Amino acid sequence: MITDSADCKCSASADENGRIIVKPRKFAPPAPRTGTPAPEHGNDPTLVHRLAKMEQVSEACRIIGSELDPTEATKSIIKQACNVLNAERATLFIYERATDMLVLKVSEGATDIRVPFGKGIAGTVAATGKAMNISDAYTDPNFDSQYDQRNGYQTKSMLCVPVRNGANNIVGVMQVLNKISVDKKQSFSDEDEEILAIMAAQAGVALHNADTHAVACIARERVKDVLSIIQDMHRDLGFISLMFTISTRVQRFVNSDRCTLYIVDRAKNELWTLQGEVNIRVPLNQGIAGAVAQGNEAINLANAYEDPRFNKDFDQKLGYQTRSILAMPLRNTSGEVIAVMQLINKLDSSGVFSTDDEELLGTFLQIAGPILFNSHSHLTIPSSQTKEEVGTEFTGKSTRGQEIVEMNVISENDEEEA
1 MITDSADCKC SASADENGRI IVKPRKFAPP APRTGTPAPE HGNDPTLVHR LAKMEQVSEA
61 CRIIGSELDP TEATKSIIKQ ACNVLNAERA TLFIYERATD MLVLKVSEGA TDIRVPFGKG
121 IAGTVAATGK AMNISDAYTD PNFDSQYDQR NGYQTKSMLC VPVRNGANNI VGVMQVLNKI
181 SVDKKQSFSD EDEEILAIMA AQAGVALHNA DTHAVACIAR ERVKDVLSII QDMHRDLGFI
241 SLMFTISTRV QRFVNSDRCT LYIVDRAKNE LWTLQGEVNI RVPLNQGIAG AVAQGNEAIN
301 LANAYEDPRF NKDFDQKLGY QTRSILAMPL RNTSGEVIAV MQLINKLDSS GVFSTDDEEL
361 LGTFLQIAGP ILFNSHSHLT IPSSQTKEEV GTEFTGKSTR GQEIVEMNVI SENDEEEA
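Be aware that the sequence shown starts at 1, since it is given in full-length UniProt numbering, and climbs by one per residue.
If you're looking for bench data, these hints aren't it; they were derived computationally from the structure.
Honestly, I wouldn't trust all of these hints.
Here are the computed lysine-lysine pairs in the DSS-like style, where the Cα-Cα straight-line distance is at most 30 Å [said to hold, decoys possible]:
| # | residue 1 | residue 2 |
| --- | --- | --- |
| 1 | Lys268 | Lys312 |
| 2 | Lys317 | Lys268 |
| 3 | Lys312 | Lys224 |
Only a predicted model underlies this, so the values are computations on that prediction, with no experimental measurement involved.
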C-alpha cells in the first residue's frame, strides 16, 4: 500500500495483471484552532437578507434578459422592478433621440406621458446621468404633479436611475414609486438604489437586444412588402391603377397617415395628382412637393409648421394637423424628376420619419421611377376638359385598411366655407 501525508491519505493496490489501482484520497479534518470562533453566516440576518435579495435580483435579470419582444421586455422590466423593490409602481421611459423626449412605453396605471429631456425628475436624471432618491416628491422642485392629477394618483417617494446601453449612452430612465414597507418606512434605501442600478444595467442590454431583434424582423417584413409592390408594378395595371397601387402600398409599409403621388407636368409647370375623378393641380414652385421636384432632393420635416414652404392654412380649413412630412423624388433613367412621393404624419410614437424610412423608400423609388415613367409615356395628361380643381399640396388620404380613396380638395380661390 502507498500512503500520502497525515493530512490527506490515499492507497493503491494492483490487480492480477499488475495494473495499479489508486483509491480516492481521504482528507483529514483540519486541526482545531484556538481563539474566537468565526461567526456562523447562517445566523447573520443582514447577510441572509442581502443574499436572498441578490438571488431575487439575479432571477429578475434572467427573466428580463429572456425577452426578445421590445414590448414584452419592457413589461418584464416594470414587473420585476416592482417585485424586487416592493414598489407600488414602476415606470420605464425610453429616450427618443429624434424628438429629444422621454417617452413612457409601459406604466402600470399611467399612459401617454412624454417628458422633455432635462425637465422633471426623469428628464433631469437623463440629462445628468445621476440617480435621484426622493423621500417626498412634492417637496422637490423638479417634480411635476400634473401627471398625478391626470391619473388620479399620489406620488410620495420615488427612486429614479438612468438606463444605459453597451456604449454607456443614456437610452432611458427607470423609476419606482411609493415604497411598500412593513415598518412604515416610505422612502427607498441606499440598497434599493444599488439594486435598481443593477436592474437598469440589465434593462439596457435587454432593450438593445429586443430592439435589434425587432428591427431585423421589421426590416425583413418591409423588404417583403417592397418586393411585393415591385411585382405588382410589373403587371399591366395602367397608369392610374399604378399610381393608386404605389400610393396605398407605400403608405402602409412606411406607416404614414397620408400619402400622395404627384406627377410632374413640365409643359404646364405644375404637379398633378388624381383623387377619385378629380384632377388636382399644384404650381411647381409652391409647397414641399414643389421644392422636391425643383431641387431633386428629399425633404424630411419633423415639424412642418416650422418650414415656411408649408401652408398651414389648409390644415385649419380641413381640421387636420400636419406634423411630419417626408417628400422624395422619383426619377427616370436620366435622373430627371418625373414625380414626387409625399407622406404625411408618421404613425409611431416618435411621429417622425426616420433615416431608415428615407433609405428604404429611396431604394424603392429608384426602381419605381423608371417603371412609372414607361407607363406615363403612354398616357395623355388630363386636360382642362377633365373635372379639375386647383389644389394644394395637402390632398386626400388613402383610407387605411380599405381599397378606397377619400377626396378632400380645397380650392385656393375659394373664399367661402361650406
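> Is lysine 268 close enough to lysine 312, meaning Cα to Cα at most 30 Å?
Replying inline: holds, 25 Å
> Is the hinted pair lysine 312 and lysine 224 satisfied, with a Cα-Cα distance of at most 30 Å?
Replying inline: violated, 36 Å
>> Tell me if the straight-line CA distance from lysine 317 to lysine 268 falls inside 30 Å.
In response: holds, 27 Å
The structure shown violates just one earlier hint, number 3.
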